[in-house]
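**Q** Going down the list, the protein sequences come from chains H and F. Those letters in the first sequence? Residues 251 to 485, by the working numbering. Those letters in the second sequence? Residues 251 to 485, by the working numbering.
If you are wondering where the hints come from, they were derived from the structure by calculation, not from laboratory data. A couple of the hints might just be wrong.
Derived, one-sided and incomplete: chain H residues facing chain F with beta-carbon distance under 8 Å [unchecked claim]:
no., residue
1, L267
2, Q278
3, I281
4, A286
5, D351
6, Y355
7, L362
8, P375
9, I377
10, L391
11, Q395
12, L401
13, S402
14, T404
15, A405
Anything over 10 Å on all C-beta distances counts as not near chain H; from chain F, calculated [said to hold, decoys possible]:
no., residue
16, S252
17, P304
18, D321
19, N329
20, K343
21, D351
22, M373
23, M393
24, N450
25, E456
26, I465
Think of the CB as a built atom: it goes at the ideal place given N, C-alpha and C, for glycine as much as any other residue.
Protein chains: 2
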Amino acid sequence: MSGMLYGIGTGPGDPDLLTVKATNILQQLEIIYAPAGRKEGDSLALSITRAYLPDHIEIKTHHFPMTHDLDEKSTVWDNVAQSIQLDVLAGKKVGFISLGDIMLYSTWVSLLERLQGTIPIIMIPGITSFAYIAAKTGRPLAMAQQSLTVLSCTAPLEVLDAAFQSQSSFVLMKVSRNLAMVRALLKKYHLLEHAILVTNGALSSEKIVQHLQDIDETETLPYFSTILVNSKWRF
Amino acid sequence: MSGMLYGIGTGPGDPDLLTVKATNILQQLEIIYAPAGRKEGDSLALSITRAYLPDHIEIKTHHFPMTHDLDEKSTVWDNVAQSIQLDVLAGKKVGFISLGDIMLYSTWVSLLERLQGTIPIIMIPGITSFAYIAAKTGRPLAMAQQSLTVLSCTAPLEVLDAAFQSQSSFVLMKVSRNLAMVRALLKKYHLLEHAILVTNGALSSEKIVQHLQDIDETETLPYFSTILVNSKWRF
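I would like the entire structure built from these sequences, with the hints used as guidance.
**A** And the structure:
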């Protein structure tokens with residue numbers, strides 16, 4: 251009887267976009283840790299996996315406060331990590347789920363930092379939001395010798411500007427609160443016509459916006475808003 | 251009775267890393283197109299999906315010559331596209347499979363260019379080799395404000411050099427024939443200790459190389475060789 255921690259990427263939102271491996275593991279879990287607290291992310295990861303979970307699984311949700319206070323965040327992570335560690339050392343099969351891929355802009359990484367090397371861990375990759383959007387909208391991410399740059403729109407303006415200037419294909423994540431800035435950059439580099447915005451991709455509330463210039467700049471986009479740009483693709 | 255073309259990403263190699271959606275679609279196909287011809291890629295995509303295919307499916311393999319002759323390549327693509335188009339217009343459910351994700355460095359895109367708008371097409375994303383490697387080796391792809399750059403090592407040296415100079419996290423794809431150059435760049439930017447090489451990831455012949463300096467520079471790596479670098483991750 252040996253415990254195990256599974257870090258599982260749930261993909262962007264459609265339960266059918268989980269991997270077969272993820273669904274097999276979910277069915278064997280005894281305890282699942284799921285994030286809660288973000289207004290729109292509340293139990294979303296849990297709802298995506300719900301159909302695959304065994305009836306008597308113990309669900310432990312943890313609340314992450316929307317704060318820039320690193321000490322406060324760190325304390326929450328320490329507590330969750332400690333709780334998971336105790337469960338695994340008690341011999342339990344424990345899962346932690348995260349939207350999209352587990353290793354890209356995922357809260358999972360904060361846990362991994364604390365737990366790697368202390369307990370056995372297996373990680374299962376997930377479909378990223380941008381792979382989903384590319385397939386859904388028929389726009390390649392990168393072709394032949396082209397590079398693909400995945401950017402967090404919370405990065406400094408000069409980082410984004412440099413990428414816009416030098417790259418032909420990129421993914422803009424965490425667009426939500428940064429739409430005005432992003433659109434100004436797209437305009438500056440004549441990339442507006444090559445961009446597509448998807449909000450809540452693979453969820454029932456999914457919206458695809460082909461013409462970014464049509465959106466009201468003062469509008470607050472959903473938390474899950476991603477833009478793809480590939481200026482080498484003619485459609 | 252209306253035909254449909256499904257472009258399906260098979261993931262890196264483990265049949266369990268297909269999505270549930272991909273397996274559901276594979277089970278309903280009447281015809282499947284699979285690439286053949288690369289020495290090591292021969293029928294690999296087909297072998298990954300084999301367990302999910304219906305008994306009486308028609309398998310059409312197409313050979314892509316290893317050539318830099320664009321006209322020759324283009325003729326092959328034209329013929330495959332035409333054949334698929336005829337099958338779909340005849341009302342068939344037709345699948346085209348491709349390793350990894352369907353929209354990233356995939357032969358699928360050459361087909362999409364020819365067929366988009368002429369027949370109904372649905373695309374299903376797949377797990378990329380780098381998402382698999384990150385999960386397998388416990389190395390995050392990008393965190394917080396960090397960017398992730400995915401590079402094809404067939405790109406010009408100055409493109410790779412610029413990325414190495416400015417980025418902290420990147421994925422190097424198509425490393426196979428370019429190991430000496432890649433390793434020289436990693437050395438130049440003091441990134442060797444942050445790099446990990448995986449060949450034939452998620453296949454039975456998978457190898458993980460933690461110390462790139464230990465590989466013989468004259469060695470020819472397998473076709474599926476990928477390097478991850480994230481200098482911000484301490485392990």
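**Q** For each hint, tell me whether it holds in the structure or not.
**A** Now for the hints, and whether the structure bears them out:
The beta carbon of L267/H is positioned within 8 Å of a beta carbon in chain F (closest approach about 5 Å), and the interface hint is therefore held. The closest approach between the C-beta of Q278/H and any C-beta of chain F is roughly 13 Å, which is over the 8 Å cut-off, so the hint fails. Hint on I281/H is violated. Least Cβ distance to chain F is approximately 20 Å, over the 8 Å limit. At its closest, the beta carbon of A286/H sits 21 Å from a beta carbon of chain F; the interface hint therefore is violated under the 8 Å criterion.
Interface hint status for D351/H: upheld, as the beta-carbon distance to the closest one in chain F is roughly 5 Å, under 8 Å. Checking Y355/H against chain F by beta carbon gives a least distance of about 6 Å; that is within 8 Å, so the hint holds. Annotation: L362/H was flagged as interfacial toward chain F, and the flag holds, the nearest CB pair being 6 Å apart, inside 8 Å. Interface hint status for P375/H: upheld, as the beta-carbon distance to the closest one in chain F is roughly 4 Å, under 8 Å.
Satisfaction of the interface hint for I377/H is found here, the shortest Cβ-Cβ separation to chain F being roughly 5 Å, below the 8 Å cut-off. The beta carbon of L391/H is positioned within 8 Å of a beta carbon in chain F (closest approach about 5 Å), and the interface hint is therefore held. A least Cβ separation of about 4 Å between Q395/H and chain F falls short of the 8 Å threshold, and the interface hint therefore holds. Given the 8 Å rule on beta carbons, the hint for L401/H holds: about 5 Å separates it from the nearest Cβ of chain F.
Nearest Cβ of chain F to the Cβ of S402/H: about 5 Å, under the 8 Å cut. The hint holds. Checking T404/H against chain F by beta carbon gives a least distance of about 5 Å; that is within 8 Å, so the hint holds. Checking A405/H against chain F: minimum C-beta separation of about 4 Å stays under 8 Å; hint holds. With a closest Cβ-Cβ approach of about 19 Å to chain H, S252/F is found to remain outside the 10 Å limit, as its non-interface label requires.
The claim that P304/F is not at the interface with chain H holds, since no C-beta of that chain comes within 10 Å of its own (minimum 17 Å). No beta-carbon of chain H comes within 10 Å of the beta-carbon of D321/F; the shortest separation is about 16 Å. Every CB of chain H is more than 10 Å from the CB of N329/F (nearest about 20 Å), matching its label as outside the interface. Against chain H, the non-interface label of K343/F holds: every CB pair exceeds 10 Å, the least being about 17 Å.
Remark: the non-interface label on D351/F conflicts with the geometry, its nearest Cβ contact in chain H lying 5 Å away (cut-off 10 Å). Against the 10 Å criterion, M373/F falls within the reach of chain H, whose nearest CB is about 4 Å from its own CB. A beta-carbon of chain H comes within 10 Å of the beta-carbon of M393/F; the shortest separation is about 5 Å. No beta-carbon of chain H is positioned within 10 Å of the beta-carbon of N450/F; the least distance is around 16 Å.
At roughly 14 Å, the least C-beta separation between E456/F and chain H is larger than 10 Å, which holds for a residue marked as non-interface. For I465/F, the shortest C-beta to C-beta distance to chain H comes to about 24 Å, beyond the 10 Å cut-off, and the non-interface label holds.
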